[in-house]
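*Asks:* Protein chains in written order, with the numbering used here: chain A, 1 to 173; chain B, 1001 to 1104.
Don't read these hints as lab results, they were simulated from the structure.
Bear in mind that the values here come from a model prediction, so they are computed numbers and not experimental data.
Do not rely on the hints blindly, as some may be mistaken.
Calculated lysine to aspartate or glutamate pairs in the DMTMM-like style (CA-CA distance at most 25 Å, straight line) [said to hold, decoys possible]:
1. B:K1044 / B:E1030
2. B:K1064 / A:D110
3. B:K1015 / B:E1030
4. B:K1097 / B:D1018
5. B:K1064 / A:E62
6. A:K88 / A:E138
7. B:K1064 / B:E1033
8. B:K1098 / A:D156
9. B:K1006 / A:D101
10. A:K104 / B:D1094
11. A:K88 / A:E65
12. B:K1098 / A:D42
13. A:K104 / B:E1050
14. B:K1097 / A:E157
15. A:K104 / B:E1078
16. A:K88 / A:E62
17. B:K1064 / A:E97
18. B:K1044 / B:D1094
19. B:K1098 / B:D1018
20. B:K1096 / A:E82
21. B:K1096 / A:E97
22. B:K1015 / B:D1094
23. A:K104 / B:E1075
24. A:K104 / B:E1063
25. B:K1097 / A:E79
26. B:K1064 / A:E95
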Amino acid sequence: MTSGPTFVYVTYIATTPERLWQALTDGAFTSQYWFGTRIESDWRVGSRVTFWRDGALSDSGEVLEYTPPRRLSYTWHVEFHEEFRREKPSRVTFELEPAVDAVKLTIVHDQFEPGSKVFAAINGGWPKVLASLKSFLETGRGLAVAGCEAAKPAQDEAIARAQRGAASARARG
Amino acid sequence: MDAVFKALADSSRRKLLDRLHARNGQTLGELCERLDMTRQAVSKHLAVLEGANLVVAVRRGREKLHYLNPVPIHEIAERWIDKYEHTRLQALSDLKKKLENRND
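Chain A on its own, in the form it takes in the complex:
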């Protein structure tokens, strides 16, 4: 049992495991549904993964597992704000399973530090990305709410939420 909080998200997407895999690992695809984020890696285990937004590094990590089109895992270190940069990386794992006329996608995000600010900040971010990913694969278009123009407000919101979380944790003592 790992310590700290864990997200588990599941969605069904009407596509093939291969297309979904490409959507998760190819920067030309991620930039179309993931807050304009371009993912880059050579996808060898141990290699670096980088996330770019508006030409700036937003997050980084290390490839832990790359088994197409079934299982993808990497560590995740938020770089876009100083408060998050201090934290140790967490871990994201994607599992793809064929279902009837669709692919079941499970995302597990765990290994956060106790009292993690990143955890507080991204709480609620994944459902937006997943809804946009689903729309992108099923209709060819990502959702505006997770589009490029939403990236800056999303980052600001994440920072604000982390600060609110820290304030209320202090208030509770």
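Position chain B relative to chain A; hints supplied.
*Replies:* Only chain B this time, still in chain A's reference frame:
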């Protein structure tokens, strides 16, 4: 989407979702604590919630942990809430929270 609305149309099941929202990743035993429901009833409600993809069960060793999966609820919201309404709705919701529960 029918399955999601059906699953949400029951106060006991909403209560289980509330408990997972308060603390994610609980076993059946933990979810049964301090509830006026039999273990069988909780188990049945969880099966309905899992069927609607609102709860995901993950095996960790001998334990089965239950997680709230907000993705279907988000999809419902996406369907009817316009992208420009998000900030206004958030402001309204914050105001309501502040007025109704000053200690929050």
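*Asks:* Would you mind marking each hint as holding or not holding in the structure?
*Replies:* Results of checking the hints against the structure:
1. B:K1044 / B:E1030: Within the cut-off at roughly 15 Å; holds.
2. B:K1064 / A:D110: 17 Å, holds
3. B:K1015 / B:E1030: 14 Å, holds
4. B:K1097 / B:D1018: 16 Å, holds
5. B:K1064 / A:E62: Status violated; Cα separation ~29 Å.
6. A:K88 / A:E138: Distance ~35 Å between K88 of chain A and E138 of chain A Cα, so the pair is violated.
7. B:K1064 / B:E1033: Holds, because 16 Å separates the two Cα atoms, which is no more than 25 Å.
8. B:K1098 / A:D156: 21 Å, holds
9. B:K1006 / A:D101: 23 Å, holds
10. A:K104 / B:D1094: 34 Å, violated
11. A:K88 / A:E65: 19 Å, holds
12. B:K1098 / A:D42: 48 Å, violated
13. A:K104 / B:E1050: 13 Å, holds
14. B:K1097 / A:E157: 18 Å, holds
15. A:K104 / B:E1078: Distance of about 20 Å is within 25 Å: holds.
16. A:K88 / A:E62: Status holds; Cα separation ~12 Å.
17. B:K1064 / A:E97: Answer holds: K1064 of chain B to E97 of chain A is near 20 Å, not above 25 Å.
18. B:K1044 / B:D1094: 35 Å, violated
19. B:K1098 / B:D1018: 20 Å, holds
20. B:K1096 / A:E82: 32 Å, violated
21. B:K1096 / A:E97: Given pair K1096 of chain B, E97 of chain A is violated - Cα atoms ~41 Å apart, limit 25 Å.
22. B:K1015 / B:D1094: 22 Å, holds
23. A:K104 / B:E1075: 15 Å, holds
24. A:K104 / B:E1063: 22 Å, holds
25. B:K1097 / A:E79: Violated, at roughly 32 Å.
26. B:K1064 / A:E95: The hint holds at about 18 Å.
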